[in-house]
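Q: Everything in the sequence shown is counted per numbering that gives the first Met the number 0, starting at 0 for the first residue and increasing by one.
What the hints contain is simulated information worked out from the structure, not anything from laboratory work.
Don't take every hint at face value.
To be verified - In silico DSBU-like cross-links for lysine-lysine, where the CA-CA straight-line distance does not exceed 35 Å:
hint, residue 1, residue 2
1, Lys-49, Lys-190
2, Lys-49, Lys-189
3, Lys-265, Lys-570
4, Lys-296, Lys-155
5, Lys-189, Lys-155
6, Lys-296, Lys-265
Claimed, not checked - Pairwise CB distance ranges, derived in the manner of DEER restraints:
hint, residue 1, residue 2, range
7, Gly-395, Pro-45, 26 to 36 Å
8, Glu-194, Pro-382, 51 to 61 Å
9, Val-392, Gly-221, 17 to 27 Å
10, Asp-467, Asp-217, 39 to 49 Å
11, Val-173, Gly-395, 24 to 34 Å
12, Glu-473, Pro-382, 35 to 45 Å
13, Asp-217, Pro-21, 19 to 29 Å
14, Ser-396, Pro-45, 48 to 58 Å
15, Thr-258, Asp-419, 37 to 47 Å
16, Gly-343, Glu-194, 30 to 40 Å
17, Asp-256, Thr-202, 18 to 28 Å
18, Thr-258, Val-295, 43 to 53 Å
19, Ser-534, Glu-293, 18 to 28 Å
For glycine and all other residues, C-beta sits at the position ideal for the given N, C-alpha and C.
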Amino acid sequence: MLKASATIIALAIGAQGVFAQPQHGIAMYGDPALPPDFVSLPYANPDAPKGGQIVTAEVGSFDSLNPFIRKGSVPWQLRFFLGESFMGRSLDEPFSLYGVLAESIETGPNREWVEFTLREEARFSDGSPVTIEDVLWSYETLGTVGHPRYLGFWAKVDSLEQTGDRSVRFTFNVEDRELALLAGLRPILKKDQWEGVDFAESTTEIVPITSSPYVIDDFDPGRFVSLRRNPDYWGADVPFRVGTNNLDEVRLEFFGDETAAFEAFKVGEVNATREFNVVRWDTRYNFPAIQDGEIVKEVIEHQRPSGMTGFAMNTRRAHLADWRVRDALIHAFNFEFINETMTGSAQPRITSYWSNSPLGMDSDPATGRVAEFLEPFAADLIPGTIEGYALPVSDGSERNRAGSAAAFEMFEAAGWTIQDGAMRDADGNDFALEILLDQGATEMQSIIDLYMESLARIGITPVMTVADSAQFKERTDAFDFDMVYYRRGLSLSPGNEQYNYYGTERANEVGGRNLMGVQSAAADAMIGRLLTSESQDDFLAAVKALDRVLTAGRYVIPIYQWNISRIAQAKELQHPDYVPIFGDWPGWQPDVWWYEQ
Numbered sequence: 000m001l002k003a004s005a006t007i008i009a010l011a012i013g014a015q016g017v018f019a020q021p022q023h024g025i026a027m028y029g030d031p032a033l034p035p036d037f038v039s040l041p042y043a044n045p046d047a048p049k050g051g052q053i054v055t056a057e058v059g060s061f062d063s064l065n066p067f068i069r070k071g072s073v074p075w076q077l078r079f080f081l082g083e084s085f086m087g088r089s090l091d092e093p094f095s096l097y098g099v100l101a102e103s104i105e106t107g108p109n110r111e112w113v114e115f116t117l118r119e120e121a122r123f124s125d126g127s128p129v130t131i132e133d134v135l136w137s138y139e140t141l142g143t144v145g146h147p148r149y150l151g152f153w154a155k156v157d158s159l160e161q162t163g164d165r166s167v168r169f170t171f172n173v174e175d176r177e178l179a180l181l182a183g184l185r186p187i188l189k190k191d192q193w194e195g196v197d198f199a200e201s202t203t204e205i206v207p208i209t210s211s212p213y214v215i216d217d218f219d220p221g222r223f224v225s226l227r228r229n230p231d232y233w234g235a236d237v238p239f240r241v242g243t244n245n246l247d248e249v250r251l252e253f254f255g256d257e258t259a260a261f262e263a264f265k266v267g268e269v270n271a272t273r274e275f276n277v278v279r280w281d282t283r284y285n286f287p288a289i290q291d292g293e294i295v296k297e298v299i300e301h302q303r304p305s306g307m308t309g310f311a312m313n314t315r316r317a318h319l320a321d322w323r324v325r326d327a328l329i330h331a332f333n334f335e336f337i338n339e340t341m342t343g344s345a346q347p348r349i350t351s352y353w354s355n356s357p358l359g360m361d362s363d364p365a366t367g368r369v370a371e372f373l374e375p376f377a378a379d380l381i382p383g384t385i386e387g388y389a390l391p392v393s394d395g396s397e398r399n400r401a402g403s404a405a406a407f408e409m410f411e412a413a414g415w416t417i418q419d420g421a422m423r424d425a426d427g428n429d430f431a432l433e434i435l436l437d438q439g440a441t442e443m444q445s446i447i448d449l450y451m452e453s454l455a456r457i458g459i460t461p462v463m464t465v466a467d468s469a470q471f472k473e474r475t476d477a478f479d480f481d482m483v484y485y486r487r488g489l490s491l492s493p494g495n496e497q498y499n500y501y502g503t504e505r506a507n508e509v510g511g512r513n514l515m516g517v518q519s520a521a522a523d524a525m526i527g528r529l530l531t532s533e534s535q536d537d538f539l540a541a542v543k544a545l546d547r548v549l550t551a552g553r554y555v556i557p558i559y560q561w562n563i564s565r566i567a568q569a570k571e572l573q574h575p576d577y578v579p580i581f582g583d584w585p586g587w588q589p590d591v592w593w594y595e596q
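All chains should be built: construct the whole structure from the sequences, respecting the hints.
A: Quick look at the structure:
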């Protein structure tokens with residue numbers, strides 16, 4: 000059943016709103032940068048040759064090829080390779096979309112509805128046409144039994160109606176400027192392929208048929224996936240696609256850990272990699288292929304926010320629900336010593352969720368619109384949110400005496416004291432802390448080894464549990480951890496996905512992305528504000544306020560950030576000189592790269 004009035008498809012051919020005008024693209028604010036007659040994206044080479052391959056090393060495993068559902072462990076890249084949608088996002092603008100499957104987009108005066116017209120030539124990889132029936136089925140299926148990332152949008156759709164032979168209209172039930180854009184970014188799948196099949200079940204027996212430039216050509220569960228460029232791809236001449244998807248094969252090779260992945264790169268089994276370990280970059284990229292010029296090294300700067308990388312604390316656990324305990328654990332984390340040990344102090348620390356960008360908070364007291372937005376929640380906000388907050392900085396010594404002293408103080412304030420050399424509560428119960436890591440994250444294991452030494456100095460004996468990919472996903476889906484390695488990439492255009500990451504309603508949703516269990520009325524309100532802001536100033540203030548709520552909430556112990564991409568690849572792999580705003584890996588590569596002998 001389709002939603003509301005869409006139960007019966009309304010054929011309202013020619014019924015256009017007074018304010019509606021078909022457009023080639025849409026931006027969150029203002030107009031998209033590229034004109035209707037643009038030839039290609041500014042960071043693509045329309046003359047790039049076709050051919051060759053890129054082979055990357057992935058740490059972990061997989062047991063499913065359906066990236067659109069909750070179940071199973073799926074190569075994360077498949078969601079982007081197999082998910083052709085109405086619109087495509089430019090990597091050179093904060094949030095602008097241009098037509099792919101859609102030849103045009105129209106919106107109501109307040110974006111209370113959006114309408115897309117499907118390109119007549121759009122085809123699936125099996126040659127069959129993409130139809131409005133496929134569109135209606137895809138949105139309803141993803142919105143009801145698909146991955147949680149799709150559910151929030153569907154809940155805000157009041158009706159979905161066919162309005163012409165090739166057009167469909169979404170009408171929304173809430174005020175939210177971003178919904179018109181999100182509607183253009185959902186994957187459209189082939190309905191007939193899933194007849195008589197449980198879409199929500201994880202499997203490698205069904206390879207999704209899509210209208211994307213690549214198709215899955217071959218795979219071996221847990222070992223590799225090979226995606227081949229479809230020579231009959233229908234959209235090669237669509238401006239958004241010109242100069243992109245140039246490589247004949249994108250191959251993902253899977254390895255048990257980072258060491259095995261690096262060795263595969265050294266011997267040529269893999270021909271492109273992004274290096275996160277600066278010490279390895281400086282000391283171990285001297286093998287013969289580099290010395291002979293077969294492999295080239297590059298450092299590429301990007302302008303995207305740092306996002307949050309570190310160790311998330313599960314506030315669903317009673318002893319971690321107290322912000323003072325989380326503050327104590329942050330003080331015990333001797334970042335300066337760990338950073339020197341791991342990177343030679345080459346990597347700056349993440350200071351907030353949107354650091355390294357204009358959206359990031361500062362550590363001073365809140366002022367102006369930021370303070371105004373937060374003030375109604377002042378009584379319930381964690382100290383530092385309005386007054387100003389910055390992460391503790393140690394003297395860099397291994398003992399970190401000041402940090403340990405601050406940790407003792409905060410633990411005592413929360414009712415935990417040292418008893419017979421151990422951190423215990425008033426009833427004599429030991430402070431329990433299990434830290435869950437994925438077995439492929441060897442660098443994180445080294446960091447936790449150092450952290451465990453610091454915790455031992457304050458009477459805490461943590462347990463580090465290293466799980467394989469399947470177990471790690473199963474446990475994180477069920478929020479079965481005290482502390483866990485956490486990585487959340489964020490953009491310059493935060494929107495509805497923030498509810499998934501930090502919204503109260505998603506805090507206890509199994510398989511959800513709010514790993515910390517954030518339940519904050521202030522966070523919910525700031526997300527709502529950034530979605531309904533009618534000016535850039537209010538939008539900016541809302542994001543800065545949200546950043547304060549999250550950062551001062553002490554939900555994550557941040558580690559270092561990667562504001563540059565250190566990449567190494569076969570000399571045949573080329574890319575344009577112009578690097579877009581979001582020109583780091585992944586995203587920019589391999590979309591606009593090409594292979595040239």
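Q: Against each hint, give a clear statement of whether it holds in the structure.
A: Hints, verified against the model:
1. Lys-49 - Lys-190: holds (31 Å)
2. Lys-49 - Lys-189: holds (27 Å)
3. Lys-265 - Lys-570: OK: Lys-265 and Lys-570 at ~14 Å, within 35 Å.
4. Lys-296 - Lys-155: violated (46 Å)
5. Lys-189 - Lys-155: Given pair Lys-189, Lys-155 holds - Cα atoms ~24 Å apart, limit 35 Å.
6. Lys-296 - Lys-265: holds (13 Å)
7. Gly-395 - Pro-45: 26 to 36 Å: violated (51 Å)
8. Glu-194 - Pro-382: 51 to 61 Å: holds (57 Å)
9. Val-392 - Gly-221: 17 to 27 Å: Check failed, 43 Å falls outside 17 to 27 Å.
10. Asp-467 - Asp-217: 39 to 49 Å: Since Asp-467 and Asp-217 have Cβ atoms about 24 Å apart, the given range 39 to 49 Å is violated.
11. Val-173 - Gly-395: 24 to 34 Å: violated (49 Å)
12. Glu-473 - Pro-382: 35 to 45 Å: holds (36 Å)
13. Asp-217 - Pro-21: 19 to 29 Å: Once the Cβ atoms are compared, 41 Å apart, the range 19 to 29 Å for Pro-21 and Asp-217 is violated.
14. Ser-396 - Pro-45: 48 to 58 Å: About 56 Å separates the Cβ atoms of Ser-396 and Pro-45, which means 48 to 58 Å holds.
15. Thr-258 - Asp-419: 37 to 47 Å: holds (40 Å)
16. Gly-343 - Glu-194: 30 to 40 Å: Since the Cβ atoms of Gly-343 and Glu-194 sit about 57 Å apart, the hinted range of 30 to 40 Å is violated.
17. Asp-256 - Thr-202: 18 to 28 Å: Given about 27 Å between the Cβ atoms, the range holds.
18. Thr-258 - Val-295: 43 to 53 Å: violated (23 Å)
19. Ser-534 - Glu-293: 18 to 28 Å: Given a distance of about 52 Å, which is not inside 18 to 28 Å, the answer is violated.
Hints 4, 7, 9, 10, 11, 13, 16, 18 and 19 from the list above are not met by this structure, while the remaining hints are.
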